[in-house]
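Those protein sequence lines, which keep their order, are chains A and B.
The first sequence stops at residue 347 when you use numbering that gives the first Met the number 0, and every number in between is there.
The second sequence stops at residue 347 when you use numbering that gives the first Met the number 0, and every number in between is there.
It cannot be assumed that every hint is accurate.
Which copy is meant is left open, so a pair is good if it fits within one copy or across any two.
[Stated by the list, open to error] Derived lysine-lysine pairs resembling DSS-like cross-links, with alpha carbons at most 27 angstroms apart:
hint, residue 1, residue 2
1, 267, 339
2, 81, 97
3, 81, 298
4, 181, 230
5, 97, 181
6, 298, 265
7, 201, 181
Since the hints were made in silico from the structure, they are not lab data.
2 protein chains.
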Amino acid sequence: MSKTTRDESATDKKELNQFEQHYFTSYDHYGIHEEMLQDTVRTLSYRNAIMQNKDMFKDKVVLDVGCGTGILSMFAAKHGAKHVIGVDMSSIIEMARKIVDLNGFSDKITLLRGKLEDVVLPFPKVDIIISEWMGYFLLYESMLDTVLYARDKYLVEGGLIFPDKCSIHIAGLEDSEYKSEKLSYWQDVYGFDYTPFVPIVKEEPIVDTVDNNAINTTKCKMIEFDLNTVKLSDLDFKVPFEVEVKRQDWINGVICWFDIVFPAPKGKKPIEFSTGAHAPYTHWKQTVFYLEDDLECEKGDILRGELTCSPNKRNNRDLDVKISYEFEARGVDAKERSRKNENVYLMH
Amino acid sequence: MSKTTRDESATDKKELNQFEQHYFTSYDHYGIHEEMLQDTVRTLSYRNAIMQNKDMFKDKVVLDVGCGTGILSMFAAKHGAKHVIGVDMSSIIEMARKIVDLNGFSDKITLLRGKLEDVVLPFPKVDIIISEWMGYFLLYESMLDTVLYARDKYLVEGGLIFPDKCSIHIAGLEDSEYKSEKLSYWQDVYGFDYTPFVPIVKEEPIVDTVDNNAINTTKCKMIEFDLNTVKLSDLDFKVPFEVEVKRQDWINGVICWFDIVFPAPKGKKPIEFSTGAHAPYTHWKQTVFYLEDDLECEKGDILRGELTCSPNKRNNRDLDVKISYEFEARGVDAKERSRKNENVYLMH
């Protein structure tokens, strides 16, 4: 069933996202593909990266990891690939077959349904891997592990991965009103004390579009992955960050986002896109981690810390995130305003 | 992970609903309960119905089918019930235990985790059943079958069910722009023909909030269920409808919604609510079925037909809906404008 909304009430928008969860169980449903296709930042970046690299694609064998409706496979076939192999576990691949056929690519694109680890490719090696594997916060429910498996098993020496660079960024965020609403709601629910929900609400990052003006610190690139060399174990990481406050304000949480870069011909500017609040909307939005403290900040104050990210032990599709931070206030009431804390989060 | 949006772009709203599906797999997640609680039409109707019937609840044993966070159980306990038994399969019931305890109801409310069909109740019979079992289009993924099981096994002769009456309604709808956008999108997706999606898009009802002004016919109550007597087999039904056009316009589809009525003390107006476009927002919104035809209509034209609703044979949580209709145009160009058709839908 297709669920959309066209009215303007904020309540409505807040309410629909989660309630609808139990109506969808997988990528089988067309709606999710409609949304990914309609994310033009995402889809056009892939198309432009392939077009920009037509010479690299010419007569090459390409593997599309998690091909969905086959859009990236068709971009590659259209722009010179000798053959494209698309692999997907979801039943959506049956729709991809019809589309690929209808658009005259059935001799150029082979679609295989199954886990990449299980299927038998018609070529022993591929020259290029393309994949749109990214999840919220880059790594949440991402297919990166499958891309790395494909790289190690199938990619020729010197082969290319589209995209091949990605990075996660962080900044401080003012979000007093929404944070306090979200937490105070549980104090009095129709006259009852629902505060047992508060710790659960606190440990859940929020995926949301954030107004760039709410960011009140400098930005910090915490980590960068080069897909040509990254190892699975690198996705379990602890990284430092440090940002400087740009105005008198409150910091109620931190915001994270990721940037994506594609390979480029020598001397050309690579195609890239950002999922940050400063950049055009993407369906990945941004990820907000509320801090235990509300930090009263002045221009020049420093927020530094470490972010730890690891697969949850019990369910390795979930992510454990820990943010330990030291807020070093400077100037007015520096001592009173400084804080040190450690917060844990579960993305599930 | 909590996913919300606060920006105002229509694209954004359309895009987020379905993409987020794979992050939630059940009622275990707190967000869905937050949304149901924050649906005040829903929750206050239950509270008011219980308060209005305090005399009926006094010293009674109450069963709450699908108790979630325990809100309805606490309403019943607070307003006189001798004992309330809340049953839920989801892990959310562990949170309900904490809340019930914190609010001092642990001696009055017994919470049982499991399928109602499997759990052993501490009382052989109950005097009242309360349940918020309704799904989109009333019956989609609803818990009504479980409520009927509870009624037949546990409810004393003459016992009460809250709510006990529900009905499904239909009307004609103008929605040209969105319908044609939704269908035409697939004609050219980044230069490719994606029309194999069109039949799938057509057969999917849309759950959405609709502007009441877009309804351009009279309304028709198609079916009413009395929970005191309805049988499971009654939920597989075929019902006629007939509505009259109220203005010169286009009918692009039909809209359905449901109304809910609670028992009331003799001589008192019962508590009731509607999920129609004319009524305040609820998280159930309305359900739109686009018709194959776009009907050019004049005041006084008649749209009549039959709606068939049955559990899908392959997956009985899905609903097969069939709408056969005859559009009887009157007056200007009556013959040219009249149509007869039959459309099938799958709610899944």
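Checked hints:
| no. | hint | in the structure |
| --- | --- | --- |
| 1 | 267 with 339 | neither (45 angstroms within a copy, 60 angstroms between copies) |
| 2 | 81 with 97 | within (20 angstroms within a copy, 61 angstroms between copies) |
| 3 | 81 with 298 | neither (56 angstroms within a copy, 60 angstroms between copies) |
| 4 | 181 with 230 | neither (38 angstroms within a copy, 42 angstroms between copies) |
| 5 | 97 with 181 | between (45 angstroms within a copy, 20 angstroms between copies) |
| 6 | 298 with 265 | neither (41 angstroms within a copy, 67 angstroms between copies) |
| 7 | 201 with 181 | within (9 angstroms within a copy, 38 angstroms between copies) |
In this structure, the hints that do not hold are numbers 1, 3, 4 and 6, in rising order.
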